[in-house]
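Starting from the given sequences, assemble the full structure and let the hints guide the process.
In the numbering used here, the protein residues as written are 1319 to 1538.
Derived from the structure by calculation, the hints contain no laboratory data. Misleading hints may appear alongside valid ones.
BS3-like cross-link-like pairs, simulated, lysine-lysine; straight-line CA separation at most 25 Å [to be verified]:
(1) LYS1394 with LYS1404
(2) LYS1449 with LYS1510
(3) LYS1404 with LYS1449
Derived DEER-like restraints, expressed as beta-carbon distance ranges [as the list claims (entries may be wrong)]:
(4) ILE1424 with GLY1467: 18 to 26 Å
(5) ASP1402 with ALA1504: 48 to 56 Å
(6) LYS1510 with ILE1424: 50 to 58 Å
(7) ILE1437 with ALA1504: 25 to 33 Å
(8) ASP1402 with PRO1481: 51 to 59 Å
(9) SER1517 with ALA1406: 51 to 59 Å
(10) PRO1397 with ASP1361: 37 to 45 Å
(11) TYR1403 with GLU1446: 51 to 59 Å
(12) PHE1505 with VAL1448: 36 to 44 Å
(13) PHE1529 with GLY1501: 19 to 27 Å
(14) LEU1486 with GLU1410: 28 to 36 Å
(15) ASP1497 with PRO1397: 47 to 55 Å
(16) SER1517 with TYR1403: 33 to 41 Å
By construction, the Cβ of each residue, glycine as well, lies at the ideal position given by its N, Cα and C atoms.
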Amino acid sequence: MRLLASAAFDRGKGEDTFGMRDEDWLVYNKMSKDNDDDSNDDDESELVRIASKLQEIDPTFVSKSEAVQLTPEPPKVRPLTAEDYKIAIGIERFRCPEVLFQPGMIGIDQAGIDEMVSISLRRLMEDESVKERLCQSILVTGGSSLFPGMIPRLESGIRQYRPYLAPLKLVRAADPILDTWRGAAAFAASSKFGKQTFSLADYREHGENLFHRYNIVYSL
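Encoded structure:
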């Protein structure tokens, strides 16, 4: 109202040019906003007054707005269906054992077990009869040998490095998990153990020369 009164007062001073500029009409927008703000403030003040009166009568009274803030929204629960009990399994279960044959899958620059077996066979003496006997009695042990399809997969990998139609036989240990420990325990208890091993102190003193003493050459 003050804006309208000011506009009416200014009209008497000279020529009436109100409305010729777009900015003149913004006065109505400002008046409308002021009225809305005043109305909202009055309503909120009245609600606060009524809520305070009700709390004087009933100290346990909580207004609706406060109740919404204090009461958490109950979780939305839907009934379970058959789909909720299904587990989606991708190719991960097959890729895990494959790391033994392709260590590069996890960023390790090493040969797989099938290639390592072939390298071990090539490093044997030149007597082919010895190689043939070993190739017909390769013992596979360790917990990883219990993977389904492990033996056929290993045999297929070794055949790629062997001559065509060369005999090859792989046998899984009777107790793959503990047989390796039993074999190491038997070797440690034998008289050959001290002659074929060396201590950490010896290695720190002599370094890699100890491997040459035992005729061990680690090269692929």
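Taking the beta carbons of ILE1424 and GLY1467, is their distance inside 18 to 26 Å?
-> holds (20 Å)
Evaluate the given range 48 to 56 Å for the C-beta pair formed by ASP1402 and ALA1504.
-> Roughly 52 Å apart at Cβ, these two residues keep to the hinted range, so it holds.
For the range 47 to 55 Å, tell me whether the beta carbons of ASP1497 and PRO1397 fit it or not.
-> With Cβ atoms ~51 Å apart, the hint holds.
Whether the CB-CB distance between LYS1510 and ILE1424 falls inside 50 to 58 Å = violated (37 Å)
Agreement of LYS1394 and LYS1404 with the hint, judged by alpha carbon distance not exceeding 25 Å | holds (22 Å)
Go ahead and decide if the range 51 to 59 Å is satisfied by the Cβ distance of SER1517 to ALA1406.
-> Between SER1517 and ALA1406, where Cβ atoms are some 52 Å apart, the hint holds.
Given the hint of 51 to 59 Å, check if ASP1402 and PRO1481 actually sit that far apart at their C-beta atoms.
-> Because 55 Å falls inside the window, the suggested range holds.
Verdict for PHE1529, GLY1501 (Cβ pair) under range 19 to 27 Å | holds (22 Å)
LEU1486 paired with GLU1410, Cβ distance criterion 28 to 36 Å = holds (30 Å)
When you check the alpha-carbon spacing of LYS1404 and LYS1449, does it fall within 25 Å?
-> Answer violated: LYS1404 to LYS1449 is near 50 Å, above 25 Å.
Is 37 to 45 Å right for how far apart the beta carbons of PRO1397 and ASP1361 are?
-> 43 Å Cβ-Cβ, so the 37 to 45 Å window holds.
Between PHE1505 and VAL1448, does the C-beta distance stay in 36 to 44 Å?
-> violated (21 Å)
In this structure, the earlier hints numbered 3, 6, 12, 16 are contradicted, and the remaining ones agree with it.
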